[in-house]
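K.L.:
For reference, the chains in residue letters:
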Amino acid sequence: MLTIDGKEVDFKEGATVLEVATDNGIYIPTLCTHSGLLPFGACRLCLIKIENMRGFPPACTTPAAEEMKIITNDPELNSLRKNVLELILSEHPHSCIICDKKELCSYYHISPTKSGHVTGCAFCPNKDRCELKQVAEYLGIKEIRFPFTYKNLPLEREDPFFDRDYNLCILCGRCVRVCQEIRGIGAISFTKRGHDTKIGTAFGKSHLDGGCQFCGACVDACPTGALSARGSKWHGVPDKETTTTCALCSVGCSLKLETKWDRVMAAHPDTEGPANQGQACVRGRFSIPALVNGANRLKYPLIRRNGRLVPATWDEAAELAAVKLGKYLPGETAFLTSPFLTNEAAYLLQKFARVCLVTNNIDTASFFSVPVIESQMKCSGMGAGTGTIENIAKSGWIIVIGDDLLASHPVLTVNVNQARKQGATVSLIGSERDINSRMFDTCVSVEPSGYFPLLSGILKTIVEKGGFDKNFVTGKCDDFDKLKSSLKKIDIKTVAGTCGISQSLIKKLATTIVSSGRGSILYGPKILECDDPAQIISLLFNILLLAGSPAGLVPLSDGANSQGVADMGALPNFLPGYQHVTDKDSLTVFENAWSAKLPEKPGLSYPEILNGAAEGSIKALYVTGGEIPQETSLERLDFLVAHGIYPSPLFETADIVFPAAAFTEEDGTITSLERRVQPLQAGAKPVGMSMPDWKIICKIAEKMNVKGFEFSSASEVFDEICKVNPLISGHGIWDLKLKDKFTLTPVKKTARSKKSMLYEKPFWHYRGVDLTEKVSDLKILRKKMNIEHRTSNIEC
Amino acid sequence: MKNTIKNIIKPYQDEKGSLIPILQAVQEKTGFISEDAVSAIALELKMSEHEIYGVATFYTQFRYTKPGDHMVKVCLGTACHVRGGEQLLDRTETILNIKPGQTTPDSAFSLERVACMGCCALAPVIVVDNKIYPNVTVPKVEKIISKKE
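Order-wise, the sequence lines are chains U and X. Mind the numbering: the first sequence is residues 1 to 796 in our numbering, read in order. Mind the numbering: the second sequence is residues 1 to 149 in our numbering, read in order.
No wet-lab data here; the hints were simulated from the structure. Some hints here could point you the wrong way.
Quick list of in silico lysine-lysine cross-link-like pairs, DSSO-like style, CA-CA up to 30 Å [what the hints assert, rightly or not]:
1. U:Lys-151 with X:Lys-66
2. U:Lys-685 with U:Lys-233
3. U:Lys-508 with X:Lys-6
4. X:Lys-10 with X:Lys-46
Label pairs and their calculated CB-CB ranges [stated by the list, open to error]:
5. X:Asn-97 with U:Asn-296: 55 to 65 Å
6. X:Lys-10 with U:Lys-488: 50 to 60 Å
7. U:Tyr-166 with X:Glu-35: 18 to 28 Å
8. U:Glu-158 with X:Asp-36: 17 to 27 Å
9. U:Leu-87 with X:Glu-35: 32 to 42 Å
10. X:Asp-36 with U:Asp-740: 30 to 40 Å
11. X:Thr-65 with U:Asn-296: 48 to 58 Å
12. U:Gly-517 with X:Glu-35: 32 to 42 Å
13. U:Glu-158 with X:Glu-35: 11 to 21 Å
14. U:Lys-748 with X:Phe-58: 30 to 40 Å
15. U:Phe-146 with X:Thr-65: 28 to 38 Å
16. U:Glu-760 with X:Asn-97: 25 to 35 Å
Every residue, glycine too, gets a C-beta built ideally from N, C-alpha and C.
Looking at chain X on its own, in the form it has when it is part of the complex:
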């Protein structure tokens, strides 16, 4: 991990205020921000790991658990919410037996709730691995997910 982080940090060396791009690069490379990554960044930047964690957790873009093979995003933006997004999320949680932000124990699925995918006309939507499923109903959720298993 130390070497990976060193390589990622190299272009940003001696540049103040580059923590967020570094964190983004780490997430890009390893999929999430791990404890090891934070301590390695802390060591390189001579910052406190708690400060780094504080900065990272301020932003919703960073995750701290290893993502599953498939990313399930349930939209709860205004349009999707009005058209029953909440029930879709409930159903997905039950099927996968995890809460948003978590990954199934077999690391097959990660679940996330998102605020808007920008396709409100198709509401409510579920996005699996960047593929948008439009006009989802509660019974459809199981089909969408079982297709990926």
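So that you can see chain U by itself, here it is in the shape it has in the complex:
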């Protein structure tokens, strides 16, 4: 209990006076405090009076204590704060803050266009959201009594994505701290001291050379206009803000889309986002407007006439698709789902395939393919990982395997960094490139072919040395003996030789795992390059079980909605909710729900479909994304339907092209890698005549006169999903219902039974559209980070 402005209030142990005040609705002006950052005490604006304490302590760095008597506002404090702010403003161009024509100016308003009316003196891009101005207005500053010093520093524009004008900087240090404390990058720092202090890099390097990831956290933290996003800085106040979920990777960051003139002009992270907590990455923060507003977006349906694709009306195109698709036998048609589709679209697409065309030939063009899903089902009972993002941050040890985390899922590094700050040991099993990364304590450079021997070596060391979670293993795991005996043949020395690493490194990894409590393993698409990806996943799960942390398996899926698309049953052998198509009971349930006869035999998988298309056994193909290996020959296809947001090589052979809405233009839901179902909300209308994918499917079904596709909104589709899919009951993480008993899988070296095919796709893509093609600055960053393509190995 303490007294603040005469009010008696309770407080949490460890809270600062500023936090107590804010919690009780008392405003204390401050410029350097920022959510998630440690107290810093740089701006000296939150000075307060505390009884029996000397001087004026800053509220942000003073811990609250019992019986404190605090005064947060009186004339003396106000004049002190005014003085401090005047000093700050004596080095910050302030005509817009103290101008006596300010009111008039805001009436005429700044305008980013070269319009004929008065636009005010706009030399700072942050004019309409300036925190400095807000504080100055609160304190009632009308003049600055000190002479003004302009620092005369050159504008820094040589780096991609954002501009820096340190003449506007007030040295609050938010950018430095957010980069270091939260992102764990430390790409900027205070340099020099006194009057010469400036935020900068070592030896004045460019941000690009200095290892900046361009996540934009500093830009969002800046209270002034010193840091500003180049693409959107002059747009002023947006017309509206929409909270949606980013569909560029599977982390599921909440973003706020800023719409102006009916276009999405900018996006910034939502501080309330459950997965990202106010963080984003270069793709979500800076790339969305350029991606969705490209000039050559598809605007109307196209149909092939006399060998050329020509514009058509929706009715014409849908009618043609309905007539043509209806002609083929069930085994002759196939569907490829993009892992970037919404749950609604994926659900309707598989329903369309199964109900209208009576085929199970539907698969997702994603890392999240049948072998991975089946292997995960063995581990967790469902086709999903067991871990959550929150769990990563609480882990005692973390292993990242088979992906370039900093490039593929940058926001997860925030949680990894959080765990590391609390003492977790973070290890990387991956490529040479990351060896020098500060993010990892131990780095093992091993090619994917070495994953199997390395992991079985680690497993053997753990089992033999003991020290693992015996209570958990004996109480909750079956088949420990089988695992133990299967490890007999493995020789650590040979393992070390094959992987080209030292035996002590294997021991070190094993010791970390058994001695650091609960852990998390993040595994990425590179495991597909191994001979037996399924075996790798069970090895990883074995390791987690031995450490007593079954809820630690996190798939770094490559598509934004890989998880959701699989949950929705866009798979050849599973109905929605991972119910096997050969299971008579569940089939009957769906037959009743959809009032249709459903196919009973599992369909063809992704590689089989591609093979069938090349050989001619598949006659009609329906593709909803551009994620098709370029090497696939589609010439023997009789009929090809494609959804797209941009023209793609697929269109050379497509017979009908439907323009799809981008994720910023549609409502719906997507499911992140931690099984979190989150809403998409349209920030703008679909471009031209384009439509959300689910609507396109409904339109074709309507033309085929099939019932069960009469939906007027995405939420109606979601309601049906909740009815038929036992996993999904609404937004939020769907419950895995982990079993009480787990099975340890014996280690068995298996050779790849089938021929496999390597193909490349862009590392950063959205429905097959290379992001770097649309966002030129991203190309510069990709080059610097030395990431070219993602290779996928698919069996055929």
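Model the placement of chain X on the given structure of chain U, informed by the hints.
P.N.:
Coordinates of chain X only, in the frame set by chain U:
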């Protein structure tokens, strides 16, 4: 450079807060803090190079360019300032054609301005390679420097 840094860091391994002694040791050994040295230290300590640079530039004791063969220090402490230190610095800058903190292109001289050498009775002073020249006048500057060339 990597090996030099490794050897320098060895005694400080696993010791928190040893960045400044490491930087001092590096400067002692190589004469200045180079870009390579900073990245090597960053790698060893798993710190960001920018953070290290930020710490180093806070202190005036570190330099970032290779020092010349001769170090010329011009004192601008109170006593020297009053007795014309500013003109001596001006003259030295003109002769060497560099600013304080810089090194001549032939790496013969480095110039620095210092705040007090503790011998105010001799003001104004110039210190070349730790030798103190007392009661310097503007014409004397050229002689002092040409002696070293």
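K.L.:
What hint numbers does the structure not satisfy?
P.N.:
6, 10, 14 and 16
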